[in-house]
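Given only the sequences and the hints, what does the whole structure look like? Please build it.
Chains as they are written, first to last, in this note's numbering: chain R, 1 to 267; chain D, 1 to 267.
Bear in mind the hints are in silico, worked out from the structure with no lab data behind them. A few of these clues could be false.
It does not matter which identical chain is meant; a pair holds if it fits inside one copy or across any two.
When the alpha-carbon atoms are kept at most 30 Å apart in a straight line, the in silico BS3-like pairs for lysine-lysine are as follows [what the hints assert, rightly or not]:
{"hint": "1", "residue 1": "Lys-75", "residue 2": "Lys-158"}
{"hint": "2", "residue 1": "Lys-158", "residue 2": "Lys-232"}
{"hint": "3", "residue 1": "Lys-156", "residue 2": "Lys-97"}
{"hint": "4", "residue 1": "Lys-158", "residue 2": "Lys-97"}
{"hint": "5", "residue 1": "Lys-226", "residue 2": "Lys-158"}
{"hint": "6", "residue 1": "Lys-191", "residue 2": "Lys-166"}
{"hint": "7", "residue 1": "Lys-97", "residue 2": "Lys-166"}
{"hint": "8", "residue 1": "Lys-44", "residue 2": "Lys-162"}
{"hint": "9", "residue 1": "Lys-162", "residue 2": "Lys-51"}
{"hint": "10", "residue 1": "Lys-44", "residue 2": "Lys-97"}
{"hint": "11", "residue 1": "Lys-232", "residue 2": "Lys-51"}
{"hint": "12", "residue 1": "Lys-232", "residue 2": "Lys-166"}
{"hint": "13", "residue 1": "Lys-51", "residue 2": "Lys-75"}
{"hint": "14", "residue 1": "Lys-156", "residue 2": "Lys-226"}
{"hint": "15", "residue 1": "Lys-232", "residue 2": "Lys-156"}
Number of protein chains: 2
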Amino acid sequence: MFWTRFFSGIGLVLIALFTIIFGGNILFATLLLISLIGLSELYKVFGIANKSLGIVGYLAGLTYYVFLYTMNQEKFLMLFIAYLIVLMVFYVFSYPKYNALHVIASFFGLFYVGIMLSFVYQARMLENGIYLVWLIFICSWGCDTFAYCVGMLFGKHKLAPKLSPKKSIEGAIGGILGAALLGGLYGFIIKDYLQGADNIVLSFAVICGIGGAISQVGDLAASAIKRNYDIKDYGNLIPGHGGILDRFDSVIFTAPIIYYLAVYLIK
Amino acid sequence: MFWTRFFSGIGLVLIALFTIIFGGNILFATLLLISLIGLSELYKVFGIANKSLGIVGYLAGLTYYVFLYTMNQEKFLMLFIAYLIVLMVFYVFSYPKYNALHVIASFFGLFYVGIMLSFVYQARMLENGIYLVWLIFICSWGCDTFAYCVGMLFGKHKLAPKLSPKKSIEGAIGGILGAALLGGLYGFIIKDYLQGADNIVLSFAVICGIGGAISQVGDLAASAIKRNYDIKDYGNLIPGHGGILDRFDSVIFTAPIIYYLAVYLIK
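Encoded structure:
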């Protein structure tokens, strides 16, 4: 089990490195695929993965990516409204096949999986995006590692006792500080490559600290949904790591946060 | 009961006439208020009206209207993401107070009530909006009336037997044709006032026909949600008419449709 997890972890990192460094269409296509798989994992939980409400969700996700790619961002709101109306058409004309919760779960999935993950691509496509995009992974995975180590050493007070009994407040703080430290260090290393930006070390530390806090919310949110539905893993796509939503639970939350912080804080 | 319904109906029409003709801030403030009340009615169904997840929803609704008013529409996506993340923070740190469905229901409410209704204001603020905005009400209420009359006279085949046993396919078609007829008639009356637009009669008929079809989906959707939760009315704000969501169930769906059809079809 350890070696399975280890080697598929290395595989994941290589895929991430390759697709993110190349960026452009390769990254775009990879994220679209990951989003659709993640969406199907979420929809499986709500029992609509292979039903009309799920299919409407996949099509909405696909349309969102097409709009993103073709720079039709002003049409996003129109897409969300069309999506909601089409869901309602299926809901009322197949009544009582679905209940209200199936409808709103399908709608929610587009945002939780498709849109949030697409910010990895959007961050990569920013000016200086080839440097900035890594902050997403530094704060997600860095925070995770630091939180684990600090929690093991100093953890005393429970963070969310009923949801994740092993997590401690000390670990959470350690994770945030560790992510900030890694972010600052990364900023120090690459600061000469970033054109026209000041205070990179401090900015990156602040961004990664905030990202680290949010990444823990993402981690807990995925756990909470799984607990509510009494499942262990969302899927088994990645040997030893579970499904897309198990492995990307923090990245889902940090990607948009890092994108917006980078846009607003780094000038 | 009839007179209560009759007089409060007249009251509603007068408020609609007054606020829509004035437009601007008066209409904006009225719709914001209606949206927040409608949101609280929906949240009552899902059991979060007075809880943190509900309050986050009202704040997201308020922020949406502020962004709309201040023309910060490019920030909508940022708002939706921030809303989702804040909901998740409350979800995980108060676990197991809420379940996943409370979270997604809060999220959904912003779109279903707040955003959809705001298109009455957006339609009114279009060029020629003072004429176009009435199409929303012509197709919603016109379709309703025609569908009822045609259904009573010719109704044979059930439209959605398990959801609304009294509705017929004949009535639904009659509603669509009736709405188209009223739309064309309205276009014929006002066509000389609309600047720089061609084929008004035909355009208005097509727009109102499509709007009539969608308005019936809105009506059925509100019924379906109420059936799933075994409630008769969403509220009792309007004597004889129920709550905001009972009275505006079709307008919620026709407002964005009429807005987009007007923007794309009327040149």
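Verification of the hints:
1. In this assembly of identical chains, Lys-75 and Lys-158 lie within 30 Å of each other by CA distance neither inside one copy nor across copies; the values are 44 Å within and 36 Å between.
2. With identical chains, the CA atoms of Lys-158 and Lys-232 are at most 30 Å apart within one copy only, with a shortest distance of 22 Å there and 44 Å across copies.
3. When the C-alpha separation of Lys-156 and Lys-97 is checked against a cutoff of 30 Å, the pair qualifies only between copies, where the shortest distance is 24 Å, while the shortest distance within a copy is 48 Å.
4. Proximity of Lys-158 to Lys-97 under the C-alpha cut-off of 30 Å is restricted to the inter-copy arrangement: shortest distance 17 Å between copies versus 42 Å within a copy.
5. Proximity of Lys-226 and Lys-158 under a CA criterion of 30 Å is satisfied intra-copy only: 20 Å inside one chain copy versus 41 Å between copies.
6. For a Cα distance limit of 30 Å, the shortest separation of Lys-191 from Lys-166 qualifies neither inside one copy, at 37 Å, nor across copies, at 70 Å.
7. With identical chains, the CA atoms of Lys-97 and Lys-166 are at most 30 Å apart between copies only, with a shortest distance of 19 Å across copies and 40 Å within one.
8. Taking the shortest Cα distances, Lys-44 and Lys-162 sit within 30 Å of each other both inside one copy (25 Å) and across copies (26 Å).
9. For a Cα distance limit of 30 Å, the shortest separation of Lys-162 from Lys-51 across copies, 20 Å, qualifies, whereas the shortest one inside one copy, 33 Å, does not.
10. Taking the shortest Cα distances, Lys-44 and Lys-97 sit within 30 Å of each other both inside one copy (16 Å) and across copies (24 Å).
11. For the homomeric pair Lys-232 and Lys-51, the shortest alpha-carbon distances inside one copy (23 Å) and between copies (29 Å) are both at most 30 Å.
12. Taking the closest pair of Cα atoms, Lys-232 and Lys-166 come within 30 Å of each other only inside a single copy of the chain (16 Å); across copies the shortest separation is 45 Å, beyond that limit.
13. In the homo-oligomer, the alpha carbons of Lys-51 and Lys-75 lie at most 30 Å apart inside one protomer (26 Å), although the nearest pairing across protomers, at 33 Å, exceeds that limit.
14. Taking CA atoms no more than 30 Å apart as the test, Lys-156 paired with Lys-226 passes inside one copy only; the shortest distance there is 25 Å, against 47 Å between copies.
15. Proximity of Lys-232 to Lys-156 under the C-alpha cut-off of 30 Å is restricted to the intra-copy arrangement: shortest distance 26 Å within a copy versus 51 Å between copies.
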